[in-house]
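Chains as they are written, first to last, in the numbering used here: chain A, 1 to 281; chain B, 1 to 335; chain C, 1 to 358.
Watch out, some of these pointers could steer you wrong.
As the list claims (entries may be wrong) - The list that follows gives simulated cross-link-like pairs (lysine-lysine, DSBU-like), each with its CA atoms no further than 35 Å apart:
(1) A:227 x C:179
(2) A:52 x A:40
(3) C:301 x A:227
(4) C:213 x C:240
(5) A:227 x C:294
(6) A:52 x A:227
(7) C:213 x A:52
(8) C:240 x C:138
(9) C:179 x A:52
(10) C:301 x C:341
(11) C:179 x C:240
(12) C:213 x A:40
(13) C:179 x C:138
(14) C:240 x B:68
(15) C:294 x C:179
(16) C:240 x C:301
(17) C:179 x C:213
(18) C:341 x C:294
What the hints assert, rightly or not - To be clear about the criterion: a stretch of chain B counts as covered by chain C if any three or more of its residues have a C-beta under 8 Å from a C-beta of chain C, and this derived list gives those stretches:
(19) 66 to 80
(20) 149 to 155
(21) 179 to 192
(22) 255 to 269
(23) 286 to 294
None of these hints come from the bench; they were simulated from the model. Beta carbons are placed, not taken as given, at the ideal position from N, Cα and C, and that holds for glycine.
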Amino acid sequence: MMHGRLARRLTGSVMTGLTYGAAALAILPLAVILGMLIVKGAGSIDLNFFIKSAAAPGEAGGGFSHAIVGTLIIVSLACVVGVPVGVATGIFLAEFGGGQFGFVVRFIADVLNGVPSIVIGIFAWTWLVRPMGHFSALAGGCALAIILVPILARTTEEMVRLVPNSLREAALALGYPRWRTSLVVVVRTAAAGIVTGCLVAIARVAGETAPLLFTALGNQFFSTRLKGAMAALPLQIYVYALGPYDEWHRQAWAGALVLIVLVLALSLVARSVVRAKRQHA
Amino acid sequence: MTDIPAAVLEPEAAPQLTAEERWRALKTVSPGDVVYRSVLTVLALILPLLLVLIAAELVANALPAASKFGLAFLTHSTWDPVSGEFGALPLIFGTLYSSVVALVIAVPLALACAIFLTEFAPRWLRTPVGTLIELLAAVPSVIYGLWGIFVLIPLLRDHLWRVGRHLLGWLPFFSGPFYGPSVLAAGVILSIMILPYIAAVSREVLLAVPPAQREAGLALGGTRWETVWRVILPYGRAGIIGAVILGLGRALGETMAVTMVIGNRHEVALSLLQPGYTIAAAIANEFSEAVSDMHLSALFLVGAVLFLITVVVNALARLLVWRVARGSAVGSTAV
Amino acid sequence: MTSRLAKSLAVTVGSALLAGSAAAQSTTRLTGAGATFPQPIYQKWMLEYHAAHPDIEINYQGIGSGGGIRQFTDHTVDFGASDGPMTDAQIQAVNGDVYHIPTVLGSVVPTYNIPGVTAQLRFTGEVLAGIFLGQITKWNDSRITALNPGVSLPDQDIVVAHRSDGSGTTYIWTDYLSKVSPDWSQRVGKGTSVNWPVGLGGQGNPGVANIVKQTPGSLGYVELIYAIQNHIGYGLVRNKAGNWIEASLQTTTNAATGAVASLDANTDFRVSITDADGPQAYPIASFTWLLLPKQMPDSAKARALLDFVWWAVHDGERFTTDLAYAPLPQRVVQLEEQRLKSITVNGSPVLPRNYRGR
């Protein structure tokens, strides 16, 4: 509808305004949620929250230290297992994934992204908990890693693909072997995007409850033993939110606030690392 | 940059090779390439392995229910753990319905956000707003569920519906009483949860569109909006479709947040205001407590059905991408 | 700067891990999983016990009664817990290697939210069944007003709230409805998950409590402690003797006393106490059980577990009332002592014959 420059300009302005509105609308729930968490949870965050583990039900003075440390350990385990596999698969798909095998792997990654996390938890229970005869943080970490890999594969692939072919061609023309082109030139260029993908994925698994229910189980005691049951923030929040005590509810809100802040901190640290690298190079 | 062969840097000083030798040198694959490709291939094999194992487990445990119910499992609506009769139609319907609602809300919104971040936002606003949108993915689903119960449902039921009833109440999609927990509430929460995925990937896709395209659009006399709508978006549509698929996958499998706001009712209803149920929510709710073997098997069977749905949806989407990607360059080889 | 930050982070995490594993040397650890209903009291017991015996750590997590039975059957936990007893088929699946040990009692109350009504309503089992069957649909139905003559009930739809997740609470509720309503028993039956004829499903007791709080005209069922802690009103229920009983710790224990009088010494404790005899017995109450294997593999762990369970059912009962759980009647505890003493490791009993507790 190219009639009239005024009409086109107006459409343009209206659409521009709508995109502003969309961005505001998208951020609004986040602001409301953060506000809700701060209002309900900030008051319950004190030193005890970070250094004490669970108190007896109904008693005050307990904390979430076991859950906070537990989440850090389990998510780190998940990253150690899942990030290399996921990113490697993504690079594979972008660099060598043009053929049938690449098509199949890509399809599988999309399908696995749609599997509910509880099914992954049940799967991890069958293969890791039952044979071992007990619940463990290791099983929990692996369950989260299984969720990480397909997400990372696809986001990494998309980011690596976005590197223009001219860069690849230039490197090859300068005599770099293909592996070096891929690793040093292409991946490094896409690094910021890959990290963004990693962060979004890690943030998601850090908040998952269902897969941990049958793997890490949860623990009211402070524990760093990888072969034993371990507490985790989302699990603890879930249990406390569904419990009967006001004290538990307050701690659940506080725990939720801590979880989000943790993830936010992760995000900012990683972004600054990426920015520093960019300035270096 | 130390790996540039000497023959390139100083062609005169290089040893003189015959044409044969030069050709052979160019054709050989360096051992590094072989190792690199093998390592990546082996790691990439893990995904198919996982799929096979997960599918095998689902199918093996679903067999008792499958042999008992057959196709009636997909068409009946009664879900009765006590008498051992299981029909999954409401679960399948609810899963698809809530995901469609979520996409209808999230895709335009996410695209608009991505366009905002790449085209119209002032520079100083881009990183903060982009970060905030990505932070939506960091909110755990339990928190979304709690927010849904305490904020969204009262908002929808007590405020928005007061007004909306007069405008939309005549549509079959908005008929019947509105108690709060509903497919609509689930769809809205899902849309918020999948928005960051679609927006983040779309933003990267749009950023990768060569400036030449944008400049060409503007040079031809288009307004900024027209350039976006007619040049940039079509250029990146394959990548955007990929982003939407990622979001859809998340919507189909989301558990906690959905189960807290959807009302958990085994019933098929056209109205968005009625409670519903999804496969993932049912599995999460009933798995821990399922006491009879047939109940467990029915849950595995419905999980296998979800698996199948995901496969079909992805296959259709792949087809769409293939048809649409011919011509656009960004992300186009993703077929 | 960021690499220094990363290094100090690594050092902190590393030393935490080391510290954790150093402290881990001499502790006996046990894991149990099952019903969510008794989770608070079990965790309270385990923390109190741990304070007195720091070398014993017992971790209990509420994953659901069905989950508890399953993990127990698959030997991934040292003990299980359930709000509903194992069926014969399930006991068969573990070759009979299980003792049901009741620990506390709980009760389920009908809770409602009717704008303008602050009185405590009266319900009978038949009326509750009728509401949950969808046969009674309005608050001013004659069957409800007949029970509550002094209260003016509005002409409003009843919105039923039930559990969407499987739960022991549902088991108790439907067990009661099945006993008092042949219609319910035939159409729906009892179980941790049932095919609800009407109503909205909420997750967990708080889910139902929330639906009730936020939906005018709603009626749901929750465990007593949730009604107390959330300050929501709940009604009186008519018991078998014909009296209107309000759920409380005393009336809950009364329900057990009646049922327990007829238990013989060889009972396996798989007893339902809903709709119990007794003038002051609350009709919607139940035991909750620990599931212990009759034969355990590890004598150190077996001893630790049995010491704990003995302590819990004797000394631990003093913690129950504060958390709104009703303690066991004495007779039940005495009978349990026999069971606990007969648990063996490699054929020999773990506890000595004259055991009096630790």
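Taking the hints in turn, this is what the structure says about them:
1. A:227 x C:179: This hinted pair is violated, its Cα atoms lying about 46 Å apart.
2. A:52 x A:40: Holds, at about 20 Å.
3. C:301 x A:227: holds (17 Å)
4. C:213 x C:240: Since the Cα atoms of residue 213 of chain C and residue 240 of chain C sit roughly 30 Å apart, the hinted pair holds (cutoff 35 Å).
5. A:227 x C:294: Given that 35 Å is the threshold and the Cα spacing comes to 26 Å, the pair holds.
6. A:52 x A:227: holds (22 Å)
7. C:213 x A:52: holds (33 Å)
8. C:240 x C:138: Distance ~26 Å between residue 240 of chain C and residue 138 of chain C Cα, so the pair holds.
9. C:179 x A:52: violated (47 Å)
10. C:301 x C:341: Holds - the C-alpha atoms of residue 341 of chain C and residue 301 of chain C are around 15 Å apart, at most 35 Å.
11. C:179 x C:240: OK: residue 179 of chain C and residue 240 of chain C at ~11 Å, within 35 Å.
12. C:213 x A:40: holds (19 Å)
13. C:179 x C:138: holds (24 Å)
14. C:240 x B:68: Cα-Cα ~41 Å, so violated.
15. C:294 x C:179: Judged against 35 Å, a Cα distance of about 32 Å means the pair holds.
16. C:240 x C:301: This hinted pair is violated, its Cα atoms lying about 44 Å apart.
17. C:179 x C:213: The hint holds at about 29 Å.
18. C:341 x C:294: Holds, at about 10 Å.
19. 66 to 80: Per the Cβ count (3), the hint holds.
20. 149 to 155: The restraint on the region 149 to 155 of chain B holds, since 3 of its residues have a Cβ under 8 Å from chain C and three suffice.
21. 179 to 192: With 3 residues closer than 8 Å to chain C, the region 179 to 192 of chain B meets the three-residue bar; holds.
22. 255 to 269: holds (count 6)
23. 286 to 294: It holds, with 6 qualifying residues against the three required.
When the structure is compared with the earlier hints, violations turn up for hints 1, 9, 14, 16 and for no others.
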